[in-house]
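Just so you know, the protein sequences line up as chains A and B, in that order. First residue of the first sequence: 1, per the working numbering; consecutive thereafter. First residue of the second sequence: 1, per the working numbering; consecutive thereafter.
Bear in mind the hints are in silico, worked out from the structure with no lab data behind them. Treat each hint with caution, since some may be false.
No copy is singled out in the list; a pair is fine if it fits within one copy or between any two copies.
Claimed, not checked - Computed cross-link-like contacts, EDC-like style, restricted to lysine to aspartate or glutamate with a CA-CA straight-line distance of at most 20 Å:
#, residue 1, residue 2
1, Lys26, Glu56
2, Lys153, Asp173
3, Lys140, Glu152
4, Lys26, Glu55
5, Lys14, Glu55
6, Lys153, Glu117
7, Lys26, Glu111
8, Lys153, Glu136
There are 2 protein chains.
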Amino acid sequence: MRLRSAPLRGSKQKIFHAAIRLFRAKGFSATSMRDLAAACGMEASSIYNHYSSKEEVLQNILFERATEFFAQLDPILRMDLPAPMLLRMAVDRHVRVVTSDVDASMVFVQEWRHLTEPHLDHFISLRHQYRDYFIEILQKGIRTGLFRPINEKFAAVGLLSTLNALHEWYRPDGPLSISEIARQLSDQLLFGFMSTREDDLGPVMNTEEWNNSGNLESVNRNT
Amino acid sequence: MRLRSAPLRGSKQKIFHAAIRLFRAKGFSATSMRDLAAACGMEASSIYNHYSSKEEVLQNILFERATEFFAQLDPILRMDLPAPMLLRMAVDRHVRVVTSDVDASMVFVQEWRHLTEPHLDHFISLRHQYRDYFIEILQKGIRTGLFRPINEKFAAVGLLSTLNALHEWYRPDGPLSISEIARQLSDQLLFGFMSTREDDLGPVMNTEEWNNSGNLESVNRNT
DNA sequence: CCTACCGATCGGTAGG
DNA sequence: CCTACCGATCGGTAGG
Chain A
1 MRLRSAPLRG SKQKIFHAAI RLFRAKGFSA TSMRDLAAAC GMEASSIYNH YSSKEEVLQN
61 ILFERATEFF AQLDPILRMD LPAPMLLRMA VDRHVRVVTS DVDASMVFVQ EWRHLTEPHL
121 DHFISLRHQY RDYFIEILQK GIRTGLFRPI NEKFAAVGLL STLNALHEWY RPDGPLSISE
181 IARQLSDQLL FGFMSTREDD LGPVMNTEEW NNSGNLESVN RNT
Chain B
1 MRLRSAPLRG SKQKIFHAAI RLFRAKGFSA TSMRDLAAAC GMEASSIYNH YSSKEEVLQN
61 ILFERATEFF AQLDPILRMD LPAPMLLRMA VDRHVRVVTS DVDASMVFVQ EWRHLTEPHL
121 DHFISLRHQY RDYFIEILQK GIRTGLFRPI NEKFAAVGLL STLNALHEWY RPDGPLSISE
181 IARQLSDQLL FGFMSTREDD LGPVMNTEEW NNSGNLESVN RNT
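When you get a sec, could you build the whole thing from the sequences and use the hints?
This is the structure in structure tokens:
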């Protein structure tokens, strides 16, 4: 039984993983079915025994990742713990999913816009749903007074930006363990850079005011 | 004089801006020279009077943006101000460059990997140089005791991740002004989410420990 | 700036 | 899983 279905499932998995590598390296559009086939040691037409189109390969990669992110975050949300602890755990889970397949995570972040409808809409709604999980954590923190009264949507987007960039700089052979990365990311998000709460540097002068003071050339110049 | 050179420079600018819009919407690889020409109301071959290749169009977009980021950040670095203030100003400048052309900023962040050598190496070194500016600010903050003794490289990467994602969610007609966005981003980076310095929730339990305690299924399961 | 065109390559299908 | 092939389209050039 295992031997019988092995070749087919093996090939499909081979295509799946080769696609992740190629889509990451060259992008979805620049990767041809012939590139993908060559990476699997077969002809382009043979791929169509496993996937009906190039986009279907992308869909499989993207929604498999989405499923994994949700599977890991979901149990966290049901725990009745203080918001900072929830955030730490959610970040930890997210970091573990990303680092479990950096190539796939990069495709997840970068290539989803090549989906066509209705898959594109579906994907976007999943991303919003995931973001809403983090918004809930932030709201809970604000409600219980543990978090500052920040704009929780703004904060959630900033938070996810940081998490979603992990695939760009994570190296498995780097000096930090996955747990340490998650811990440091959480610390940075929870506490920021400042060593004290005050920022008593007088009124902040933004660029507009600074420009109006004549110190620098205009920002919105044309080249 | 203005009339004489106007048609040529006008066309080149037209191609330039159409390319920004198309590369943002479809990606560099999925945009054809015929797409680009059609958007400019000309034939594909006519583009080659202004640019020698598709990649050259991309190069122009990317390095123009890079120049703009540096032009805005450079004067900040020379100011002898406290690190938190430098950071606020640098973030403010960065936000202004991004919001001055959201499409071009998206191409800047997403499409640079389609450069070929030697342009790719050049671009990457410029990005590292830009990141090093922020590392310097962080180091200064740590040295003067205003910032916590964070890992400055780690922090700079997280910081830039947040800044580089701005193009994804910024809308010119949104409720926040550009100055307010810069201010809120700085606040988030400087102070984090917590309303107090302590995080007295007992020892943090990471996912590994939580799993070992038997509460949840394994994270690194295979699908 | 255009017409006309090049060889190469694209995603995908037919049929076995 | 392959051979053989489809029409469409690609980036780019010649020549005016």
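How the hints compare with the structure:
{"no.": "1", "hint": "Lys26 x Glu56", "result": "both (18 Å within a copy, 18 Å between copies)"}
{"no.": "2", "hint": "Lys153 x Asp173", "result": "between (34 Å within a copy, 16 Å between copies)"}
{"no.": "3", "hint": "Lys140 x Glu152", "result": "within (10 Å within a copy, 30 Å between copies)"}
{"no.": "4", "hint": "Lys26 x Glu55", "result": "both (15 Å within a copy, 15 Å between copies)"}
{"no.": "5", "hint": "Lys14 x Glu55", "result": "within (17 Å within a copy, 32 Å between copies)"}
{"no.": "6", "hint": "Lys153 x Glu117", "result": "neither (26 Å within a copy, 40 Å between copies)"}
{"no.": "7", "hint": "Lys26 x Glu111", "result": "both (11 Å within a copy, 11 Å between copies)"}
{"no.": "8", "hint": "Lys153 x Glu136", "result": "within (10 Å within a copy, 30 Å between copies)"}
In the structure shown, a violation is registered for the earlier hint numbered 6 alone.
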